[in-house]
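From first to last, the protein sequence lines stand for chains V and L.
The first sequence begins at 0 in numbering that gives the first Met the number 0 and counts up by one.
The second sequence begins at 0 in numbering that gives the first Met the number 0 and counts up by one.
Source of the hints: derived by calculation from the structure; they are not laboratory data.
Small disclaimer: the values here were computed from a predicted structure and weren't measured.
We put the CB at the ideal spot given by N, CA and C, even for glycine.
Mixed in with the good hints there might be a few duds.
Pair by pair, the computed Cβ-Cβ distance ranges are [said to hold, decoys possible]:
1. L:G38 x V:D370: 57 to 67 Å
2. V:D32 x L:T193: 47 to 57 Å
3. V:V374 x L:A124: 45 to 55 Å
4. V:D370 x L:A176: 40 to 50 Å
5. L:D199 x V:R161: 39 to 49 Å
6. L:A176 x V:Q299: 36 to 46 Å
Covered stretches of chain V (in silico footprint by chain L; criterion: 3 or more residues with CB under 8 Å from a CB of chain L, positions within the stretch not fixed) [to be verified]:
7. 129-135
8. 185-196
9. 236-250
10. 276-284
The residues making up each chain are set out below.
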Amino acid sequence: MAVDLRREKGVPVRDQYDFDWRDLARLPVSKLDDDAFTRVRVIALNGIEAEAVSFQHEIARHLRDLREEAAVIRRVEHHQQTLVNWLLPADLSPVETTINYEQVAIELTAHIAIHEPDPYLAQVHRFGLLEDFDHLYRFAALADRLYGIDANNLLNSYTDIRPGRPTRAEHRHPHDDLRTPYDRGHVTPLTRIQALTLLASEQQTRAYYMNIGPTFADPLARQVYAEIASIEEQHVTQYESIIDPDETWLERWLVHEAMEVWNYVSAAAWETNSRIKAIWQRFADYELGQLQAVMDLFQQIERRDPFEVLPETLPEPIAWESHRQYVRQVLADEVHLRTVGPDFVDSHQVQETPDTLRYRQRLNMHGSPTDTVAVGYVWRPGGELAPAPAVAGGAK
Amino acid sequence: MSPKRPQDPGANVTGTATAPAQAKDMIQGAQQGGPDPAGGDFVEGLAATHLEYVRGADPLGKVPPTTTMKGAAKAFIDMIQARRTTVLVDKMGERLAFERTGVRLYDLVIMKHELHGAWPGGPEASELREHRREELDHLHLLIDAMKQVGADPTAVTPGADVVAVESLGLVDVLSDARTTLDQALHALLVAELTDNDGWDMLVDLTEGFGHAQLARRFRDAKQREEEHLRDVRRWLTAHAKAAAGTA
Numbered sequence: 000m001a002v003d004l005r006r007e008k009g010v011p012v013r014d015q016y017d018f019d020w021r022d023l024a025r026l027p028v029s030k031l032d033d034d035a036f037t038r039v040r041v042i043a044l045n046g047i048e049a050e051a052v053s054f055q056h057e058i059a060r061h062l063r064d065l066r067e068e069a070a071v072i073r074r075v076e077h078h079q080q081t082l083v084n085w086l087l088p089a090d091l092s093p094v095e096t097t098i099n100y101e102q103v104a105i106e107l108t109a110h111i112a113i114h115e116p117d118p119y120l121a122q123v124h125r126f127g128l129l130e131d132f133d134h135l136y137r138f139a140a141l142a143d144r145l146y147g148i149d150a151n152n153l154l155n156s157y158t159d160i161r162p163g164r165p166t167r168a169e170h171r172h173p174h175d176d177l178r179t180p181y182d183r184g185h186v187t188p189l190t191r192i193q194a195l196t197l198l199a200s201e202q203q204t205r206a207y208y209m210n211i212g213p214t215f216a217d218p219l220a221r222q223v224y225a226e227i228a229s230i231e232e233q234h235v236t237q238y239e240s241i242i243d244p245d246e247t248w249l250e251r252w253l254v255h256e257a258m259e260v261w262n263y264v265s266a267a268a269w270e271t272n273s274r275i276k277a278i279w280q281r282f283a284d285y286e287l288g289q290l291q292a293v294m295d296l297f298q299q300i301e302r303r304d305p306f307e308v309l310p311e312t313l314p315e316p317i318a319w320e321s322h323r324q325y326v327r328q329v330l331a332d333e334v335h336l337r338t339v340g341p342d343f344v345d346s347h348q349v350q351e352t353p354d355t356l357r358y359r360q361r362l363n364m365h366g367s368p369t370d371t372v373a374v375g376y377v378w379r380p381g382g383e384l385a386p387a388p389a390v391a392g393g394a395k
Numbered sequence: 000m001s002p003k004r005p006q007d008p009g010a011n012v013t014g015t016a017t018a019p020a021q022a023k024d025m026i027q028g029a030q031q032g033g034p035d036p037a038g039g040d041f042v043e044g045l046a047a048t049h050l051e052y053v054r055g056a057d058p059l060g061k062v063p064p065t066t067t068m069k070g071a072a073k074a075f076i077d078m079i080q081a082r083r084t085t086v087l088v089d090k091m092g093e094r095l096a097f098e099r100t101g102v103r104l105y106d107l108v109i110m111k112h113e114l115h116g117a118w119p120g121g122p123e124a125s126e127l128r129e130h131r132r133e134e135l136d137h138l139h140l141l142i143d144a145m146k147q148v149g150a151d152p153t154a155v156t157p158g159a160d161v162v163a164v165e166s167l168g169l170v171d172v173l174s175d176a177r178t179t180l181d182q183a184l185h186a187l188l189v190a191e192l193t194d195n196d197g198w199d200m201l202v203d204l205t206e207g208f209g210h211a212q213l214a215r216r217f218r219d220a221k222q223r224e225e226e227h228l229r230d231v232r233r234w235l236t237a238h239a240k241a242a243a244g245t246a
């Protein structure tokens, strides 16, 4: 399964200008018949492409010599993102899509935390995981109580719906959201690729909530989206802060392209819908071609071997499966953790910073909307209006 | 507590009459610009685009298989008799989803009633609560009924998916803090109208499948829903007359 980056050249970028509107706006996946993880992968890969596009725009804004190359690759990334994101169906409402967004955050972060070789960064990932885990519970309550929608219709019983670190307690002063970055001289390629993957995921979640939040009519729903979007902004702050800011632009671009290959290869490895799997395979080849182009630039401009930055073979694919037991263990062990600056502390022993306490108290001065929406909420099959199940349901 | 009434005259800038000079410019600009491309037919182009997607398109989804041996046996007998149990399951799932959302719609109406109050001839809190309780009863009835025919009441059938999409606009009207009780009741009217037709069809189908006892229970539910519809119409009529001063 391992992809050899020295040998796999993919599709040359010049051959990637092969889209048309019908190709870009394809038939979507099914909300009812496709597996939750098919939607989850669509969402995750949309995030990967959104990050690729915005990163390459930054290149254009900062590096005169790379503007043309970035524009050429970026246009393909844009069209890849279009094709991917347009796979979501129209009968998946914004609140339902939100449920799958949080499922992405939970299952992807769990996989990454498990595989992260740096213990401090694994802790960073687990910390974020418990916060997104709580968001799923809050949004599930919103979907059930406002629309009569059972979130598990979207989750397909892969991911628990229960409180995590309470969202009301997640609000922190920006100083307490910044972590210690890895050192570009000593970091493993896996750490780099994983950090960028999570950053992409959180950034698109923030962008999505910021776009759809005002489309809700209900004032409580609008507040819930405002509150959780604020945490997603904190998560973007956290995840970008673990990346060494001294990486060169081309180093970063190399990691971006390798990260994209890894994500498409992982998606293709786990995809159950053959029509969608073909897309992941096609785009894995496109990303390999883009990686080749950036490797060439790296050699020309930095006069270094790209494999000083890249792994020769890609890491094992992301396991797109339920991480229920792992998440439950992290919840049991670490829900009480908080941060003081870049450090994680036991809230039973160490108080949070005055800045954070003030910040949180101000935002929550009229209460926390995510508390209001979830008060007394316990998920059950069919939603809380259904009769209580006689016995605890089985798990996939 | 009562907000300004939406029927009151005030600033509303959506029409051309509020800015006649600019409207004239708008017309002139559009006429000077003309169409691009000129000629052709929009509906033809739309149909051609749809055709590309209709070919090879899967439906929204399919009805999940029965979950019990008993259900499978019934489905087998139905199949021998050339009846498709899945149609009945789909329609039950549709009503189930609608009743579940219906409870939530009544939650919102009850809240608006508490916040805004009603008008002479408008709903009493007790009436709204009674409707809400009956919607919940119907939800539970449908959960039972689906289990009886061996179907999974927690699944979203294609019909349920369609009504969920339809209901999004109703929730938007009812949950907007700026809408009034009469506007909320208008959204509820849409729900009750379609719910009545839905129950009619379900009663017919259930009888057709020979589930006499279930059909009887569905007929009772339909009677309650008829009363809901009558009540909502009555409240809305009373409001229109009171608001217009013709009561």
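Between L:G38 and V:D370, is the Cβ distance one that fits in 57 to 67 Å?
The hinted range 57 to 67 Å holds for L:G38 and V:D370, with Cβ atoms some 59 Å apart.
For the hint 39 to 49 Å, verify it against the beta carbon of L:D199 and that of V:R161.
holds (41 Å)
Given the hint of 40 to 50 Å, is the C-beta distance from V:D370 to L:A176 inside that range or not?
violated (19 Å)
Are 3 or more residues of the segment 276-284 of chain V near chain L, judged by a Cβ distance of less than 8 Å?
Violated: only 0 residues of the segment 276-284 of chain V have a Cβ under 8 Å from chain L.
Lying within 36 to 46 Å: is that true of the beta-carbon distance L:A176 to V:Q299?
violated (59 Å)
Tell me whether the statement that chain L covers the segment 129-135 of chain V is true, taking a Cβ distance below 8 Å and needing three residues at minimum.
violated (count 0)
Can you let me know if the beta-carbon spacing of V:D32 and L:T193 is within 47 to 57 Å?
About 25 Å separates the Cβ atoms of V:D32 and L:T193, which means 47 to 57 Å is violated.
Are 3 or more residues of the segment 185-196 of chain V near chain L, judged by a Cβ distance of less than 8 Å?
violated (count 0)
Could you tell me whether the CB distance from V:V374 to L:A124 stays inside 45 to 55 Å?
Distance hint for V:V374, L:A124 is violated at roughly 22 Å.
Quick check: the segment 236-250 of chain V, covered by chain L? Criterion 3+ residues, Cβ under 8 Å.
violated (count 0)
In terms of the numbered hints stated before, the structure departs from hints 2, 3, 4, 6, 7, 8, 9, 10, listed from lowest to highest.
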